[in-house]
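*Asks:* Sequence:
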Amino acid sequence: MNKFKLLFSGLLIILGLVVIMKKSINLGLDLQGGMHLILQTKPTNNQPLTRESVLGSIEVIRNRIDSLGLTEPSIRIKGKDQISIELPGIKNPDEAKAMIGDTALLEFVIAEWAPAGIENLTKEKQTILIGKTGTLAYMQDQNPSNESIKRPIILKEIVLTGGDLKQASPGTDQFGKPIVNLEFTTEGGIKFYQATAKSINKPLAILLDKRIISAPNVNQAISGGKAQISGDFTPNEVSNLIIKLNAGALPIPVEIISEKQIGPTLGKDSVEKSKLAFIVGLILVGLYMIFMYKGPGILASISLMSYIILSFSLFKLIDATLTLPGIAGFILTIGMAVDANVIIFERIKEELKNSSSLKGSILNGFKQAYITILDANITTLIAAIVLFWLGTGTIKGFAITLSIGIIVSMFSAITITQALLLTITRLSHFNKGKS
65 MNKFKLLFSG LLIILGLVVI MKKSINLGLD LQGGMHLILQ TKPTNNQPLT
115 RESVLGSIEV IRNRIDSLGL TEPSIRIKGK DQISIELPGI KNPDEAKAMI
165 GDTALLEFVI AEWAPAGIEN LTKEKQTILI GKTGTLAYMQ DQNPSNESIK
215 RPIILKEIVL TGGDLKQASP GTDQFGKPIV NLEFTTEGGI KFYQATAKSI
265 NKPLAILLDK RIISAPNVNQ AISGGKAQIS GDFTPNEVSN LIIKLNAGAL
315 PIPVEIISEK QIGPTLGKDS VEKSKLAFIV GLILVGLYMI FMYKGPGILA
365 SISLMSYIIL SFSLFKLIDA TLTLPGIAGF ILTIGMAVDA NVIIFERIKE
415 ELKNSSSLKG SILNGFKQAY ITILDANITT LIAAIVLFWL GTGTIKGFAI
465 TLSIGIIVSM FSAITITQAL LLTITRLSHF NKGKS
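First residue of the sequence shown? That's 65 in this note's numbering, and the numbers climb one at a time after it.
Derived from the structure by calculation, the hints contain no laboratory data. From a predicted model like this one, the values you see are computed outputs, not experimental measurements. Hints should not be assumed to be uniformly reliable.
[Said to hold, decoys possible] With a straight-line cut-off of 25 Å between C-alpha atoms, the simulated DSS-like cross-links for lysine-lysine are:
| # | residue 1 | residue 2 |
| --- | --- | --- |
| 1 | Lys241 | Lys290 |
| 2 | Lys358 | Lys380 |
| 3 | Lys339 | Lys86 |
| 4 | Lys324 | Lys142 |
| 5 | Lys161 | Lys67 |
| 6 | Lys255 | Lys220 |
| 7 | Lys67 | Lys358 |
| 8 | Lys161 | Lys142 |
| 9 | Lys431 | Lys358 |
| 10 | Lys69 | Lys431 |
| 11 | Lys86 | Lys290 |
All chains should be modelled from the sequences, with the hints used to inform the complete structure.
*Replies:* Encoded structure:
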């Protein structure tokens, strides 16, 4: 049984070292800098403020941010009607803001070109001419001299929305210009066919966030459930539009009310100094354990190094983000791991006074220490779970680090230290520790 524990522990440590060497650690906003945004929701009559709408907005924003390749963004509700977003290591803040803040409400609207001179009429006469169901809008276009012009258009009836979209993908037209290919759901395809049938020889306006981005004239009813959005797009604009459309529209409009560019709290120099302090601290702890407990102290130091390797590799394996509170939690669990070994060795010393068998003293010492270690760690683990459940952002990071450390420290103290002690006992006589 002891051989199995030793082999199993050794295998875990080797795998842990492989993970540490292969995977990089995700650093939080406070360690590598980035951007912090606060969004204010803007409810409307059609889009009221509810907890579901805010949670839905968070999900859409998360999908958009994930498509940018950012690691571990923090997105959470702030108060009742705000959303807090932390983006560590963001390289293009403007792109991220455009991706996050736009509602991306896609609409297909049956329309018609407005008669010449309508913009010169009074609002009352425009209303009479357009009718109650129509709305006068303008489409930005380019004339042959590449100047921007506004073309008046009357929007009549919304016939499709982004909810009818199955997926969007990039493409090019016959002139090699970037376009967005749209594929509708089965129901959306039927709606699109009916809309184009109604719009023959008329424009079918395509709106994004109530802004006309295209208004092609329809020559015939279009079946097949597919369409294209063309315009004066750059490849990057097409890519961003596709991301927004595939992620879906925000259930409720939002506005960026606060933006902060945050530099690293520690900085590269301070991070390096922290690493040095961490190593020096470990060496001092190891020397203290060796001084106090002689041979067992060496094994405790080995067990402590095993704990650090396993904890750090598990931290990387779950793609957790390292923050300042996370570092604090990690350091706290190192102290707990040392305490566990101290409790074990003190119990073994007590057993040695009443027993002539070293192996028996070790086994009984672990049994006596096990209850104390388990009680202390379970209590702390419950507190960590509560922090994770009720906390947000960095508090959850602290709770995750603390939980991982507690579980791994118990394993390293009870399994690895015991396996090492029993193995050394069989190989040679060794000091009973502090006399």
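*Asks:* Look at each hint and say if it fits the structure.
*Replies:* Here's how the hints hold up against the structure:
1. Lys241 - Lys290: Measuring from Cα to Cα gives roughly 18 Å; hence the hint holds.
2. Lys358 - Lys380: Judged against 25 Å, a Cα distance of about 34 Å means the pair is violated.
3. Lys339 - Lys86: The given pair, whose Cα atoms are some 19 Å apart, holds under the 25 Å limit.
4. Lys324 - Lys142: holds, 16 Å
5. Lys161 - Lys67: violated, 57 Å
6. Lys255 - Lys220: holds, 16 Å
7. Lys67 - Lys358: holds, 24 Å
8. Lys161 - Lys142: This hinted pair holds, its Cα atoms lying about 18 Å apart.
9. Lys431 - Lys358: Answer holds: Lys431 to Lys358 is near 22 Å, not above 25 Å.
10. Lys69 - Lys431: holds, 16 Å
11. Lys86 - Lys290: The given pair, whose Cα atoms are some 44 Å apart, is violated under the 25 Å limit.
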